[in-house]
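Participant: Chain by chain, the residues:
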Amino acid sequence: GDSVTQMEGPVTLSEEAFLTINCTYTATGYPSLFWYVQYPGEGLQLLLKATKADDKGSNKGFEATYRKETTSFHLEKGSVQVSDSAVYFCALSDAAGSQGNLIFGKGTKLSVKP
Amino acid sequence: EAQVTQNPRYLITVTGKKLTVTCSQNMNHEYMSWYRQDPGLGLRQIYYSMNVEVTDKGDVPEGYKVSRKEKRNFPLILESPSPNQTSLYFCASNPISGSYEQYFGPGTRLTVT
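Respectively, the protein sequence lines represent chains A and B. Taken in order, the first sequence gives residues 1 to 114; the numbers are from my numbering. Taken in order, the second sequence gives residues 115 to 227; the numbers are from my numbering.
FYI, nobody ran anything at the bench for these hints, they're computed from the structure. Wrong hints could be hidden among the right ones.
[Stated by the list, open to error] Facing chain A, according to a computed beta carbon distance under 10 Å, are these residues of chain B, among others:
1) A116
2) V118
3) P122
4) M141
5) Y145
6) Y149
7) G154
8) Y178
9) N198
10) N208
11) Q216
12) Y217
13) F218
14) P220
Glycine is no exception: its CB is placed at the ideal position from the N, C-alpha and C atoms.
This is chain A alone, in the form it adopts within the complex (with noise of 0.2 Å):
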């Protein structure tokens, strides 16, 4: 079945420095991709999404390319801060499948040292 594999945590960066959360997938038909971020004490909210091969998915610094050839959507920014520190999670969505289903990775917790 489809499933989503992303980099174990938790990864510890000082401020400023560059980040990249690995994500691949495996899927039958043609998903949507997803990263969400979850905060300290708080629910799942949307980071960015991307729909289609070679879409490319940003928000508050944060961006993430759909790549089929390599079925990866690398989650990056270029400068972190202090405030991104939280629970990454990489998701796929199947329209194929059961109208809306997602699949979650793991999650990956970053933290950001000043």
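Start from chain A and add chain B according to the hints.
Facilitator: Same frame as chain A, now just chain B:
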């Protein structure tokens, strides 16, 4: 404001005492689901519903029940809670067209002793 609400936010209970966690959304979404989040396991889907009176099991449905009598509400029922159901629970909703972006509630932290 578009939102998913859950109640209660925190709950401590004892083994075997039936409980219900409510979930409500105001976006007229067809699809609703429940997840549990556990350390090292990420988010696992418990049940989902594609519309009123249509529910189905997710990955970890044992020990849980749901109902969908109204489009906006999707309560999670634990008939006889056990300590292994201690977890953080999230309700989510999304439309069944477009990009299927899910909107999450704030979470319910449940402790079963």
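Participant: Could you run down the list of hints and mark each one as holding or not?
Facilitator: Against the structure, the hints come out as follows:
Interface hint at A116 of chain B: violated, since its Cβ lies 12 Å from the closest Cβ of chain A, which is beyond the 10 Å cut-off. With a least beta-carbon distance of about 8 Å to chain A, the hint placing V118 of chain B at the interface is held under the 10 Å criterion. At a threshold of 10 Å, the smallest CB-CB gap from P122 of chain B to chain A is about 14 Å, leaving the interface hint violated. A cut of 10 Å between beta carbons decides the hint on M141 of chain B: the least distance to chain A is about 13 Å, and the hint is violated.
Checking Y145 of chain B against chain A: minimum C-beta separation of about 4 Å stays under 10 Å; hint holds. Interface restraint check: Y149 of chain B against chain A, minimum CB-CB distance 8 Å, threshold 10 Å, status holds. With 10 Å as the threshold, the beta carbon of G154 of chain B comes within range of chain A, its nearest partner Cβ sitting at about 7 Å, so the hint holds. Taken as an interface hint, Y178 of chain B does not check out: its beta carbon lies about 17 Å from the nearest beta carbon of chain A, beyond 10 Å.
Hint on N198 of chain B is violated. Least Cβ distance to chain A is approximately 19 Å, over the 10 Å limit. Taken as an interface hint, N208 of chain B checks out: its beta carbon lies about 5 Å from the nearest beta carbon of chain A, inside 10 Å. At about 5 Å, the closest approach between the beta carbon of Q216 of chain B and any beta carbon in chain A falls short of 10 Å, and the interface hint on this residue holds. Here the hint on Y217 of chain B is kept, as its CB sits about 8 Å from the closest CB of chain A, short of 10 Å.
The criterion of a C-beta within 10 Å of any C-beta in chain A is met by F218 of chain B, whose closest approach is roughly 4 Å, and the hint holds. Given hint, P220 of chain B at the interface with chain A, holds; its Cβ is 5 Å from that chain's nearest Cβ, closer than 10 Å.
In summary, the numbered hints that this structure violates are 1, 3, 4, 8 and 9.
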